[in-house]
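Start from chain B and add chain G according to the hints.
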Amino acid sequence: MREKKDRSTLIIALLMIALLVSVILVGGWYYRVWSKQRVMNEEEAPKAYTYHCAFISSKYEDPFCNSIYEGAKTAGEEAGIYVENYGRQLSLNYSINELLQMAIAANVDAIILEGNQEYSTVELINQAMDQGERKIVVVTVAEDSVGSKRCSFIGENKFRMGYDLCSQALAYADEEDEEILVLLDHMKENTDNNIVISGMQKLLDENKVNSTGAKKEGTLGHSLNYKLNSQTIDSSEAYNAEEQIRMLIRNLNTRPDIIICTSLTQTKSVYQSIVDLNCVGKVKVIGFYYDEAILEAIEKGIIQSTYVVDANEIGVQAVNSIGEYKEYGYVSDYVSVDAKIVDQKNVRGILQKLQTEEETG
Amino acid sequence: MRIDKALQGGMKKFVSHLSIQTKLISMFLLTSLLAFFATNYMLTNINRSLLAIEKVYTSNEELNVISEALNGIQQNMKEYLDSRSSDSLNGYYRCIQEYSNRIQELNGEIIGKDSAIMEKNIRGISDSYLTITGEAVEARRARDINRYSVSYDKASDLYNYLNAYIFSLNNQQFKDNSANYANLAVSLELLGRITTVMNIIVALFNVLLIFLLTRQITRPLKELSKAANAVAEGNFNLPDLPVHSMDEVGVVTKTFNEMLVSIRAYILRIKESMEAENEAKERELLMKNHLKDAQLKYYQAQIHPHFLFNTLNAGAQLAMLENAERTYSFIQKMSEFFRYSMNNLEKDVYLREELELVESYIYIMNVRFSGEICFEQQITCDIEGILVPGMILQPLVENAVQYGIRDIDWEGKVILSVKEEDSKYCICVEDNGKGIPPQRLAEIQKGVITTSADKGLSNGVGLGNVRERLELYYKEDSLFSIESEGQGTRVYIYIPKGSLFTP
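As you go down the protein sequences, you meet chains B and G in turn.
Using the working numbering, the letters of the first sequence correspond one by one to residues 1 to 361.
Using the working numbering, the letters of the second sequence correspond one by one to residues 1 to 503.
Simulated from the structure, these hints should not be mistaken for lab results.
Ideal placement from N, C-alpha and C gives every residue a C-beta, glycine not left out.
If you want a taste of the chain B side facing chain G, the calculated C-beta under 10 Å gives, among others:
{"id": "1", "residue": "Leu19"}
{"id": "2", "residue": "Val21"}
{"id": "3", "residue": "Val23"}
{"id": "4", "residue": "Pro46"}
{"id": "5", "residue": "Ala54"}
{"id": "6", "residue": "Glu84"}
{"id": "7", "residue": "Leu92"}
{"id": "8", "residue": "Tyr94"}
{"id": "9", "residue": "Ala106"}
{"id": "10", "residue": "Asp109"}
Not close to chain G: a few residues of chain B, all C-beta gaps over 12 Å, as computed:
{"id": "11", "residue": "Lys149"}
{"id": "12", "residue": "Glu176"}
{"id": "13", "residue": "Asp205"}
{"id": "14", "residue": "Lys227"}
{"id": "15", "residue": "Asp234"}
{"id": "16", "residue": "Asn251"}
{"id": "17", "residue": "Leu252"}
{"id": "18", "residue": "Val275"}
{"id": "19", "residue": "Asn278"}
{"id": "20", "residue": "Tyr325"}
{"id": "21", "residue": "Asp343"}
{"id": "22", "residue": "Glu357"}
The shape of chain B in the complex, shown without the other chains (with noise of 0.2 Å):
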């Protein structure tokens, strides 16, 4: 009995050591699960890609470069391409030139390019994609540098966003309305701009509308003469584009009945200066893309539409474009995405859709 009693004893105490030696070690194993979690910040292993690839854009901050980059990024991860938000790291801004000098110095395999038409970026493209075996391949995305070696570029039909953007114009004009104004981007090529008025004029023919203000007889639009004028905005600096637009408002010579925008800056600034100048009603806008504001605007009736380039795509098919010439040396040349008219009736989804994104994160 007291053998028993004292094998037991034994046992406990060597249960206890045991015990206390296990409490130690796991006491220590917590400690350093822990720390590796949370203070050497040790995360998975990054994941390691095939090819490097510069996104070069002027306008970090907007909504539409932004998605593109994003599209692109996404695509990127599932075809082995690390897109690079270039230049977003570094602490002072610098032009898409100096960008591009960077990236081509830093010998990376591809570049997704906001384009433009200076001679100087044509030339820098030219230099990356004329460097033989190191040969960086260019895809220029939302505004092509014509003229230029690029391999591809991927944005929307120029003629046929005008030619919707006027046909929205035109569905919410009123008997009293007289002048359309469409806001032009001085940094898009000529072509560009002259291609998105030639669909304007497509439609306003169709409608028997022209700019000499004939009457309207057709299946848009009221009995009224339409003027159709265009006015470029520089928005190459900044606050210049929203300073010209409020101008153009508060004056009312030139205050338009209807403004057509080709550019996000745009559509914020006219959104803005006609909130300010309180002129909600008395001028209506067409806008281009959009974001949480604007759809916001759309919902209120201060914005009429806009149009809406699915921007996603568009980085989406530079990454594709990227693969498809990495992989066979040639590509398509003009890769066109498709837009869609954000009104009244379908923002409300679009709205939830992406206040639930930002949301989530």
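This is chain G only, laid out in the frame that chain B set:
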């Protein structure tokens, strides 16, 4: 299996032979080792964390060195382009060497991590920068002003980009490292808490462990003190205390057990000797009682024998004078019989003398009853030298004559036989008389009736007296038995050979 058991047994033996001092030292060492292990383990973790804290800003330091080397390249290149001095050229190459070495340590792979991609960009731009600075220096050597000026401009641009990149990366890493530093500080604080909790747990465990193990040592002591108290109160019939170890307590317990056994044995011996003494005294008293009882009976009868004895002597002389031979013989036998009876009751006598007394008695009885008693002796062994208590046979024969064959219609016969049986001599007195009724026989066997002789018919010594004297002399039971089946009675007396009564 057997080896295991042997090892286990050996281990158990080894542990049980450890002294208390060794056990206590082992316990102290064990608990100290546990505490040491816990402290050391946590200290290792603390050291590791401190090392991590020390390394937090290493990457920033590396980038600063890279930046300095880059500045050195740019300055030396500019100086060389301006002055073509060999010092600046040497400085340029030295800086390039250092810069290249440092740059090689940066990431060159395409990894989905911002800082890693920035490092890759720095490496890529650095390669281009070094190529262009090389071209500028070469052009300067060749005095190609246009070329080196273009290269210098390009190099300057790249230099600026690199600086911007390094600066940004430095900032980014500083931000990350600061966050890491803050987290490390928090973790160190947590580690401090864990260590404190761990120490408390270890201390509690150690106290519990010491409690458990010391209980092993103190429990036998407690049992021992309890047993000692019981002994002090006079309780010696305690079970043996178990001895589990051969330490000091084990030795004391074992000695205590032996002491208890000794005390018990001693007490038993004293008790036995006292009992024996009491028994001896009791027996002595009993014997004296019986003797006195017999003596008294004989003294009562002594008046007649003495008177008769003297008278018989005178009668014998008278018979001799008158030439009456048979009368003389008869009176002479009677005189001898009474003399023997009177003198030998308290003495030990030879069996032969007892037999002679019986013959005398029969002779007297035959004269008295006109020769009716047929007496026969059957002695089948050597009876010389056998000593017996006096007056043990005559009462038996007298009993046979008085109660057996007296008043019977047929010829009375008494047979006295002596034979040797193993360790005893068996003396049997048999008669063919009327026997003893079963009820009376049972009472005689139980000793209730002693068959005391009728006055005038016997010498007064009964069967009971004979039996008791035999048992007292030889300190044995079953030395006397009596049988009677219908006719005839047999009385047996057994004289032990080995315990012969010595006078």
